[in-house]
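Undergrad: Put the two chains together into one complex; each comes in its own frame, and the hints tell you how they fit.
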Amino acid sequence: MLKSYLGIDIGSISTKGVVVTEEGDILASSYLWTEGNPIGAVKRLLAQLEEDLTGTEARIVAVGTTGSARELIGAILDAQAIKNEITAHAMGTLSLHPDVRTIFEIGGQDSKIIILRDGIPVDYAMNTLCAAGTGSFLSSQAKRLGIQVEQFGDYALRAERPTKIAGRCTVFAESDLVHKAQMGYAVEDIVAGLCNAIVSNYLNNVGKGKKIEAPIVFQGGVSKNVGVVKAFADATGHDILVDDCGHLMGALGIALLAKASGLEDDFDFSIRSMSFKTTGLECGRCPNNCEIVCVLRDEEFLAGWGNRCEVGLEQIMRPE
Amino acid sequence: MEPRKVTFPHMGEYWIGFKALAERMGCEVVVPPRMTVQTLELGTRHSPEFVCVPFKYNLGNFIEAIELGANTIIQAVGGCRFGYYAEVQAAILKDLGYDVKFIRLDAGRNPLDMVRGFRDKMGTNKSFRDVKDAFFFAARLGLAIDEIQDFARKNLGFQVTPGQIERIETKYLARLAAATNIREVDAIRQEAKAELGSVALDRPENPLRVAILGELYLVLEPFSNYDIGRQLALRGIEVHQPLTITEMINHSIKGFKHVDELIAHSGGWVDHHLGAHGTESVSLSYTLMKEGFDGVIHLKPFGCMPEVNAMSAMQKLSREYTFPILFISYDSQTAETGVNTRIEAFCDMLEMRKKGVVSA
Numbered sequence: 003m004l005k006s007y008l009g010i011d012i013g014s015i016s017t018k019g020v021v022v023t024e025e026g027d028i029l030a031s032s033y034l035w036t037e038g039n040p041i042g043a044v045k046r047l048l049a050q051l052e053e054d055l056t057g058t059e060a061r062i063v064a065v066g067t068t069g070s071a072r073e074l075i076g077a078i079l080d081a082q083a084i085k086n087e088i089t090a091h092a093m094g095t096l097s098l099h100p101d102v103r104t105i106f107e108i109g110g111q112d113s114k115i116i117i118l119r120d121g122i123p124v125d126y127a128m129n130t131l132c133a134a135g136t137g138s139f140l141s142s143q144a145k146r147l148g149i150q151v152e153q154f155g156d157y158a159l160r161a162e163r164p165t166k167i168a169g170r171c172t173v174f175a176e177s178d179l180v181h182k183a184q185m186g187y188a189v190e191d192i193v194a195g196l197c198n199a200i201v202s203n204y205l206n207n208v209g210k211g212k213k214i215e216a217p218i219v220f221q222g223g224v225s226k227n228v229g230v231v232k233a234f235a236d237a238t239g240h241d242i243l244v245d246d247c248g249h250l251m252g253a254l255g256i257a258l259l260a261k262a263s264g265l266e267d268d269f270d271f272s273i274r275s276m277s278f279k280t281t282g283l284e285c286g287r288c289p290n291n292c293e294i295v296c297v298l299r300d301e302e303f304l305a306g307w308g309n310r311c312e313v314g315l316e317q318i319m320r321p322e
Numbered sequence: 005m006e007p008r009k010v011t012f013p014h015m016g017e018y019w020i021g022f023k024a025l026a027e028r029m030g031c032e033v034v035v036p037p038r039m040t041v042q043t044l045e046l047g048t049r050h051s052p053e054f055v056c057v058p059f060k061y062n063l064g065n066f067i068e069a070i071e072l073g074a075n076t077i078i079q080a081v082g083g084c085r086f087g088y089y090a091e092v093q094a095a096i097l098k099d100l101g102y103d104v105k106f107i108r109l110d111a112g113r114n115p116l117d118m119v120r121g122f123r124d125k126m127g128t129n130k131s132f133r134d135v136k137d138a139f140f141f142a143a144r145l146g147l148a149i150d151e152i153q154d155f156a157r158k159n160l161g162f163q164v165t166p167g168q169i170e171r172i173e174t175k176y177l178a179r180l181a182a183a184t185n186i187r188e189v190d191a192i193r194q195e196a197k198a199e200l201g202s203v204a205l206d207r208p209e210n211p212l213r214v215a216i217l218g219e220l221y222l223v224l225e226p227f228s229n230y231d232i233g234r235q236l237a238l239r240g241i242e243v244h245q246p247l248t249i250t251e252m253i254n255h256s257i258k259g260f261k262h263v264d265e266l267i268a269h270s271g272g273w274v275d276h277h278l279g280a281h282g283t284e285s286v287s288l289s290y291t292l293m294k295e296g297f298d299g300v301i302h303l304k305p306f307g308c309m310p311e312v313n314a315m316s317a318m319q320k321l322s323r324e325y326t327f328p329i330l331f332i333s334y335d336s337q338t339a340e341t342g343v344n345t346r347i348e349a350f351c352d353m354l355e356m357r358k359k360g361v362v363s364a
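As you go down the protein sequences, you meet chains Y and D in turn. Following the working numbering, the numbering of the first sequence begins with 3 at its first residue and continues without gaps. Following the working numbering, the numbering of the second sequence begins with 5 at its first residue and continues without gaps.
Simulated from the structure, these hints should not be mistaken for lab results. Owing to the predicted nature of the structure, the values given are computational and were not obtained by experimental measurement. There may be inaccurate statements among the hints.
No farther apart than 30 angstroms at their CA atoms in a straight line, the calculated lysine-lysine pairs in the DSBU-like style are these [unchecked claim]: (1) Lys358/D x Lys261/D; (2) Lys320/D x Lys232/Y; (3) Lys158/D x Lys105/D; (4) Lys213/Y x Lys23/D; (5) Lys158/D x Lys261/D; (6) Lys359/D x Lys5/Y; (7) Lys182/Y x Lys145/Y; (8) Lys212/Y x Lys9/D; (9) Lys213/Y x Lys105/D; (10) Lys98/D x Lys175/D; (11) Lys212/Y x Lys320/D; (12) Lys9/D x Lys23/D; (13) Lys175/D x Lys261/D; (14) Lys213/Y x Lys359/D; (15) Lys210/Y x Lys226/Y; (16) Lys197/D x Lys212/Y; (17) Lys213/Y x Lys294/D; (18) Lys210/Y x Lys358/D; (19) Lys98/D x Lys23/D; (20) Lys258/D x Lys130/D; (21) Lys320/D x Lys210/Y; (22) Lys105/D x Lys130/D; (23) Lys294/D x Lys212/Y; (24) Lys294/D x Lys210/Y; (25) Lys158/D x Lys166/Y; (26) Lys210/Y x Lys359/D.
Which chain D residues stay away from chain Y? Per the calculated CB distances, all over 12 angstroms, these [what the hints assert, rightly or not]: (27) Leu46; (28) Thr128; (29) Gln168; (30) Asn210; (31) Met318.
Virtual Cβ for every residue (Gly too), placed ideally from N, Cα, C.
So that you can see chain D by itself, here it is in the shape it has in the complex (with noise of 0.2 angstroms):
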């Protein structure tokens, strides 16, 4: 047999995790070149046209990885569509006419079924514990991204010589992604904190405070979303996203104890789960307004559940509040010009609202 050549989905800097995790399978990888506008183009050409648009960028990216080599391919599994993109993007490559194996990535009813669910799928002669480590170390590894790029969101916006924090960043994502051992990885962790530490920022003591919440992919993959973290950053906003893998591994963690606490703090406003992070989209609304947060920004695919689930309820709560949340649907045509004059619409809207005066 032809040995495996494994890529996955991209989504955001997480490649680092997933790349790692597949490594210590024994496995070549091989990771998707970085998303373009041909991966979009490649995706939504083979795609069926009303699927949500995150199965057009992973199927881009699949069939760019294949053409590199690829042969096996991991992908998660979700509570909606999502659940079911495994089987259609295999059947989609198949009529294309690439012999490609998927392995599922089911979460399982906790994490140590996980690991072993993927342990048998992979069907590795890795021990289960070093199936496990795998797991840990990939987990470390986003821990780690995710620190670095919640200071960036939080401070780009306020450095003093443009382009700095994007350079630390850069420089220690890739020091992550050549790192072999957690020590290793907790060390680069505690050097990239030391480092955007002395970054000289020039920070008003009062700066608009916007969280970015919504269905996860579009949350995470910046090329999905226009880069909307960064170009409310580089408007002077402190940028919170509060759903990160380091967010999504708590949840795992903690298993349903987890919706229950985002539940019981939601203030009424959701009183039993929700998908599609719709839970978290509704308590978190209700929570950072209280925290005195000057806005949201909900993104979710065109045709995705928080249009049933969630955005009712934030719709609601906006209202009775007069708290400014701002919702954007995404697919593979959206102009991107349409975005931007709304997050600056959004902008002034809340810099208005802080002055409480109209001004430039």
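With the rest of the complex left out, here is chain Y (with noise of 0.2 angstroms):
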């Protein structure tokens, strides 16, 4: 029997999940879409996990859950470990590169900066109410270029002069990038524009007063542009470490966080096939008016957020 560890970092765009060992060799491992379904999404994703370790020893005792759908999932799965994705990606990083000191994140919907010393996180930062310097304005602008957005790298790449577009909004990233393609500049020039914008934002925005040092590490689904990679060694004069793994970065931290927790049960892949619905109904009991979710395992009561008190909770489990 080898003893292993399940993460699932369900983010807003990708599913990632990995199965580690002990000693944090990674044995399986697996990323797909979440097209806004997460639970169809792990399901899919533990699928594709159980073939991948049929044959082996492995034999997970503990789960870890993180990405914005962490409670959801987490609770699904009864999870040992529900943690935030920056915790995890801090752990996860350090145990491929204990001397990081700067860790770049940019993902579908958000972006963040971990600043560590000495193996330790000390600072950190996450975009808010901006969306300028994430994944899907990316993708979003590839569409507009006719481009597909994993070639964006390498026309980036293939830039002579990369044009000025305006980083500092998307709105404003947007009309500078129609004015530019309508004066006739090469499409190259352009996403290399774009790049340089993406890494400006970052680095104003979410990295606003941060001691950016070397190594630094960037992960999320936008470390996988080698354009955007150009783009930040540039403008921090220093070498940008991605990993092949980068993506899985959350799930491996949150997988070692399982483990850490010191807490095990043996988890059964047949969860699979059990069916969980979400329901969402509004309390009512006061103007909070609270939202509440629930998801089901086979029709019965799991979990249930969104309450701003026990009133509407104890209503749901308890229905007179």
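TA: Given below as structure tokens:
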């Protein structure tokens, strides 16, 4: 028997999962789109992981969840660790780069920076109220330019004279981009300009006031874009480390945190075949009118969120 | 003329003091209903979209109180957009067809000036002395509320029986709301102190200490900041909140000397007075850091003055001393989950820093 730990990172755009050994070696991993359905995505993810593990001795003894659907999936899988993605990313990255001092992370809907010293996170920031520096902005602009977002990086690297694109706000950036395109600039130069704009937005917004020191590790979906990596290297004057498994760092971190929790309970993949349903309802017992989301397992109440007080949940759990 | 029915905006539990003040002017008082999502929805629907969020909460309070019969609104004044809240809110309420009178509570040049101005505007037949005593009484209530809540924030996370401190707090706040004179207030305060002091605590030797700073309304109104103080406390943190009515009273007594002291103790991080409690935010960040605090959380409405006057210095200070400061900006649409994620991550980080290890 090989003791192992399952970590799942359910983001707004993608869902990532890893199974690691006690030593932290990755036995299996999977990455797929959330498509607005975290429960469905996790079921598909578990199917892939189970397949990868067949024939091995691995037995999962603890589960951790992170990402924006961590509470929901954590309740469904009865997870030992449910943690925010910042802690999970720091933990995962430290396991591969014990000397890391700065982590850049740009995901689909959010971006963050984590500053570490001597293997301890000492400062972090997360974007607020602004989507200009995130992956979804890049993919919407790729569509506008008629190129695949996966090719974005190669286009950027071919640019000879990156054009200037305002990075302060998606609306400004988009209007700049349209203007430059209509002026006849080469697509390569526009794409490179956009990568620079993303980086400048990130450094001035999320990274504002932070002491950015090497080694710098860059993660999240956008780290797969070599154009943005190059723009970061130019802007900071440092090498930017991007791991092949950079997109799995949150999942890896939460798997390690599940292990560190010291709690163990055999995990059974058969959970896949259970039916989970979420229903929303408005409490209506006071003017707060909380929107309570409940998750039901095989039609049985499992967990609920969104209530500001106990009244609403009690009503659901003990309907008269 | 119809008899006056006075209301005012909510700010934490200080309604107890505002109510006492208005009652002593001989007015009937309509305390706005407790803040709910409906309050904010009402306020937001009738406010300019880009105005800072306290305006929206205030307006929601007013509408809810007017529906309960209030016809006179006491609104305070400040040195920023707050200085123009009363006028704009009066115009909005008029457009909505409400017939209400606004009375501006102006801080004046000094406390006595404030009392005089308030008396004039209320048009009361109470003597200057009565009005002054009413302010004293309200202030005394404020001090008592602060004392009880200060204890709660610092100890909530360590109580052996969950909910015990909250129950004591509720009980004594209700008693304060019913108090009729200063002697009674002081007696309640003593009793509360004794009962709180006897609560069984399981307190680690060296707990994490975090201070909440920032714009006054966001700091003082828990509904608007998603009860961040309590959330932090329940994570086993000793929560300090230096900005209270107690602090404001001290400030108004000391006048500009208060600001001079803050500047003198700021280690050079601020050299002139900033609005929206920016002087406090910067100076206290420095002194708390020197005192060995584990971190600071800075709250403000989106678009508020600290964005330009305090945050840059605080960011620089944070970087220079690797002192954790979390900045949270609030508006009427901010998702509570986003704030919770950031707080959780912040607390994890403080914990790891303290222990010197990364752990679960």
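Undergrad: Check each numbered hint from earlier against the structure, then list the numbers of those it violates in ascending order.
TA: 1, 3, 4, 8, 9, 10, 13, 16, 25, 27 and 31
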